[in-house]
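Top to bottom, those sequences are chains A and B.
The opening position of the first sequence corresponds to residue 1 in this note's numbering, with each subsequent residue numbered one higher.
The opening position of the second sequence corresponds to residue 279 in this note's numbering, with each subsequent residue numbered one higher.
It is worth saying that the hints were derived from the structure and are not from the lab.
A few of these clues could be false.
So the derived list for chain B, only partly shown, Cβ under 10 Å to chain A, looks like this [said to hold, decoys possible]:
hint	residue
1	Val407
2	Ser417
3	Leu419
Derived lysine-lysine pairs resembling DSS-like cross-links, with alpha carbons at most 27 Å apart [what the hints assert, rightly or not]:
hint	chain 1	residue 1	chain 2	residue 2
4	B	Lys317	A	Lys130
5	A	Lys147	A	Lys130
6	A	Lys96	A	Lys137
7	A	Lys44	A	Lys204
8	A	Lys26	A	Lys44
9	B	Lys317	A	Lys137
Quick look at which bits of chain A chain B covers, simulated, 3 or more residues with Cβ under 8 Å [to be verified]:
hint	segment
10	40-48
11	79-92
In this text, a Cβ means the ideal position worked out from N, Cα and C, and glycines have one as well.
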Amino acid sequence: MGAIDDTTIDATSARGEIVIDCRGVKKSYGDREILHGIDLVVRKGETLVIMGGSGHGKSTLLRLMIGAERADAGEVRLFGQDMSVSDEQTLYPIKKRFGVLFQSSALYGSMTVGENISLPLEEHTDLDRKIIDIIVKLKLEQVGLRKCENLMPSELSGGMRKRVGLARAIALDPEIIFYDEPGAGLDPVVLSQIDQLIIGLSDKLGVASIVVTHEMSSAFRIADRMVLLYNGRIIADGTPEEMRRNSAVDAFVNGRSDGGEIGARDGAGFVEDLLGGK
Amino acid sequence: MTDLLAQVGRGGIAVGSFLVDFGRLLRSFLYWTVIAPFKGYPIRMHEAARQSVRVGVQSIPIVFLVNFFVGATLAFTVAEILNLFGANAYTGAVMGVGFWRELGPLLTGIVMAGYVGASLAAEIGTMKVGEEIMALEASALNPVRFLAVPRLLAVLAMVPVVTLMGTVFGIYGGYIVCVGVLGQNASVYWDQMIEPMENVDIRLGLIKSFIFATIVGVTGLVQGFRVRGGAEGVGAATTNAVVYSIIFIIVADLAVTALHYFG
């Protein structure tokens, strides 16, 4: 997965309906403009990796897509629905069609693993209790966990918490899964296992996956397509192979400041600032 | 002088902003308890019951301690003053009316501000920091319905009950001192406690306890939902929940008492 050429991309584009459509999206916090006009389209079944350094707008863009925040300008549409509407009941049918794996897993601490996963099923379906219990076991099996339904989140390791968070995210068989820094705090072995889960879910369930990360090895492993965010703008967009040939991406990946836009520092005035204007 | 004015202004804005959020949460609570159940969104009564154990049953020891010891302490002072007029037989009357109307609800309200209000702010604030609130919203689950409604129902149900118990504990603390230490007649104490009491005393106490319960519950929840940042934000929210609750409780207490007096 990941080494997709232009022909495959064209064929995919022709097949996959658009599930996420961002046009001219802007977002500010106070005087700080975080996103400066993002245009981004995601198609059904596509795994899109959003890369970028800390503070460049990756998580903000993800929060706008899931409706956790409203854009200041532009449009964010999921399945054609504008996510900035104020009536949350309008967004409920859309929210049931996607799942989110948060950076901290965001498991409900007062509930067991089983209760965490069954909560969306209890609230959004009319399934019998026994069926729900079976589905919980199936979802845990899908993420490589067994017999931990009665454990509390505080009793789990970091990797296990991520898996349970993922099992909860797929409880309703979503069409899109958002991953916010899925590798944060995980060792390379566990990170690789999470990557395999992401690839497996995309292959088996045909879901669109939007992965926000700055783990480069992971990004190139799982992506069908990648975008690089820098200072709230998309400065590169393409397949993993195209991105490897992009100088800005190369500079970011290798942590260099000679990539032109990325890492360039203006030294003028620094000494004056340091010495308090003297 | 300018700094003082600026501080007062900032404080006023902070309180005003808080009162807006207070009103919003209260309105949302009323929607999810009165209207939404008829639209297919039932109240999570099992969670409310679980929270009631936490708010009600587990708070009894601290409510007992505070009311009992304040009652005992007050009895010494009241008996000493009434003794000057040869009227210490009426200690029971002062303790009874004082606790039913005022001290029982006030002391219990302040204890609950610390015991329940701080706990609510810390719990909800920690969930906010840990993205659990966002996870609920992303799953098309309303955080007010899921988190606030069961907790506020528990507070509204349990605080008046605990207040009644606290009032009894306080009067009993006075009894122990008056009869056991100061040698007053037990029958006189109880008779004098009941004699001047009217329904209005109990009614006023219950009205106050319900108002204080609303203040404690909504303030704790609002502070929790407003948390920003990490542990520092949670700590600030916990402190603010207690401080705001206590201030609003004593202001509301004065307002209700004055309304009753002039009404």
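Now the hints, each set against the structure:
| no. | hint | in the structure |
| --- | --- | --- |
| 1 | Val407 | holds (9 Å) |
| 2 | Ser417 | holds (5 Å) |
| 3 | Leu419 | holds (6 Å) |
| 4 | B:Lys317 - A:Lys130 | holds (26 Å) |
| 5 | A:Lys147 - A:Lys130 | holds (16 Å) |
| 6 | A:Lys96 - A:Lys137 | holds (20 Å) |
| 7 | A:Lys44 - A:Lys204 | holds (13 Å) |
| 8 | A:Lys26 - A:Lys44 | holds (24 Å) |
| 9 | B:Lys317 - A:Lys137 | violated (31 Å) |
| 10 | 40-48 | violated (count 0) |
| 11 | 79-92 | holds (count 3) |
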